[in-house]
Amino acid sequence: MKQKFFIGFFLCVTLCAFHVIDTKLFVSPENWPKPSYDFTQNPLTFESVQLGRHLFYDPILSKNNKISCASCHSQYTAFTHVDHNLSHGIDDRIGVRNSPALMNLAWHTSFMWDGAVNHLDVQALAPISHPDEMGESIQQVVTKLGQSEKYKKLFYKAYGDRVITGERTLKTISQFMLTLVSANSKYDSVMRKQKQFTTQEKRGYALFQKNCNTCHTEPLFTNLQFENNGLSVDTTLNDFGRMKITKNNSDSLKFKVPTLRNVEFSYPYMHDGRFKTLSQVLKHYTNGVHQSETLAKSLDAPIVLSSNDKVDLVAFLLTLTDKKFLFDPRYSFPK
Amino acid sequence: MKYLAFFSLLVWHLTSFAQKSVNHRLVFHPMFGDSVLKEATYYQINSNDSIQITALKFYISGLELSYQHKTVWKEKNSYHLMDAFQEGSLTLPLPLPAKLKYDRVKFNLGIDSVTSVSGVMGGDLDPTKGMYWTWQSGYINFKLEGNSNLCKTRNTEFQFHLGGYQFPHNNLQSIFMDMPHQKLDVVIDIKKMVGDLPLTQMHHIMSPGNEAMLLTETVINAMRAKK
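Chains as they are written, first to last, in the working numbering: chain A, 1 to 335; chain B, 1 to 227.
Read the hints as simulated data drawn from the structure, not as lab findings.
Heads up, the beta-carbon is just placed ideally off N, CA and C, and yes, glycines get one too.
Fair warning: there could be bad hints in the mix.
[What the hints assert, rightly or not] Lysine to aspartate or glutamate pairs mimicking EDC-like chemistry, simulated, CA-CA at most 20 Å apart:
1. B/K192 / B/E145
2. A/K247 / B/E211
3. A/K244 / B/E64
4. A/K244 / A/D328
5. B/K106 / B/E145
6. A/K210 / A/D239
[To be verified] Which stretches of chain B does chain A cover? Using the computed rule of at least three CB atoms under 8 Å from a CB of chain A, they are:
7. 30–40
8. 144–158
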């Protein structure tokens with residue numbers, strides 16, 4: 001009897017020592033490709049995701065404690081920074097690029113417009129350290145978190161002890177970002193045969209599949225590759241994109257293809273935010289493509305769209321809006 | 001009886017740990033010519049010019065021992081950050097099984113490409129160690145910072161952050177040395193490394209590329225087994 005009690009007791013202790021991995025925190029939508037993120041190396045738990053959410057919304061990550069991740073990645077605008085062509089950070093300093101929208105990151109294999117970052121877990125280091133963004137160092141972030149009673153408690157909940165490291169800090173931020181899955185737009189309902197497109201949306205979808213799908217590939221609406229989409233160089237920025245990272249001329253003017261999900265809310269568009277509206281974007285593709293050696297093959301022949309086509313195409317793009325995602329309380333400022 | 005079995009298991013465990021002798025070790029010795037490299041110390045590089053080193057850190061990884069050209073031991077999770085000004089970091093104990101015969105050691109300067117694309121790591125690989133690039137993913141394999149009157153820069157500073165894991169700028173270098181005894185002393189002679197550098201023109205390398213590759217060669221040449 002005594003022995004049984006001991007076995008039972010040890011079993012309980014062992015079970016308590018490991019947090020239960022919550023499979024509902026991340027669900028890969030039906031018929032989507034397999035995520036690239038290796039969840040076995042950073043298993044999601046409710047507590048870690050919550051810690052990551054607190055960090056995401058906390059300006060403690062910046063040097064003057066004023067700028068948080070959410071400052072440039074706001075939920076209601078698909079986790080990007082609207083109204084600014086170039087995002088601004090600490091002390092109102094202006095960066096050189098438009099902040100990307102954050103969603104479905106578990107499928108991404110590279111990050112930033114030029115793919116400078118190779119893994120979601122190290123992504124947050126870039127904005128934390130950039131002098132024009134948060135201007136802080138990860139060392140200092142860890143020190144500040146260690147002085148905070150709130151974070152000591154949250155780390156204890158997430159990891160079972162109060163040790164705060166760079167690795168843990170970054171992995172929990174990843175955990176929160178991984179839960180940001182957008183797959184409940186009208187388009188998704190149509191694909192799941194729960195809703196139907198209007199005639200106009202249907203026509204727009206056909207035009208999309210003909211003209212856009214090569215780069216903005218379904219269901220993520222990005223092929224996750226780097227492409228030159230024919231933007232002329234802005235001589236005030238001289239941003240050559242991917243080439244800076246690979247130092248290879250064949251990557252000149254290539255930028256990562258952004259997702260079109262929630263595109264209604266993620267304006268302005270392009271790496272430098274040069275277009276404010278979707279009609280300006282479409283006008284670029286029909287009339288403004290700048291020829292150069294590295295131009296995407298699919299843009300060699302000009303895209304031809306009548307003004308009616310453009311209206312239909314925009315109608316389709318609006319079906320990619322996922323209100324459930326944009327207003328999901330699990331992603332909002334933690335109370 | 002059960003207790004006896006448990007007890008003997010415990011004893012067996014303890015002794016097997018004890019057998020993993022820590023007498024076997026690799027010790028790194030940062031030098032400047034014939035002197036031990038020290039912080040906040042100016043060294044002559046020629047009759048008119050001098051240099052001081054403010055930071056020297058590098059990764060040693062992938063420790064392996066071989067005997068008669070056959071690998072006999074590989075360290076698991078073998079990533080070690082060496083800091084010239086933290087003496088404790090410069091000794092690498094080799095936890096070997098008892099009576100292992102070996103005659104040669106292999107180690108890498110830097111972090112391999114697989115680890116470089118596997119996300120954030122802890123321990124010596126934690127990004128708080130200041131050896132991870134923030135604006136572009138990848139580890140700094142070797143970091144040397146200091147001042148020299150030859151550098152016409154702000155505060156006469158120079159900074160060499162050498163790394164890169166992607167073709168064609170994969171900067172990981174393997175080093176092989178004979179290891180006839182339990183202890184191997186490895187000298188890294190910074191004078192040899194910087195002595196031939198054109199510091200007047202070359203003072204900042206902070207990204208992967210051809211320059212970083214060339215400079216890493218000079219680091220490898222500056223390493224030798226202490227006689």
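Going through the hints against the structure:
| no. | hint | verdict |
| --- | --- | --- |
| 1 | B/K192 / B/E145 | 15 Å, holds |
| 2 | A/K247 / B/E211 | 13 Å, holds |
| 3 | A/K244 / B/E64 | 36 Å, violated |
| 4 | A/K244 / A/D328 | 37 Å, violated |
| 5 | B/K106 / B/E145 | 27 Å, violated |
| 6 | A/K210 / A/D239 | 30 Å, violated |
| 7 | 30–40 | violated (count 0) |
| 8 | 144–158 | violated (count 0) |
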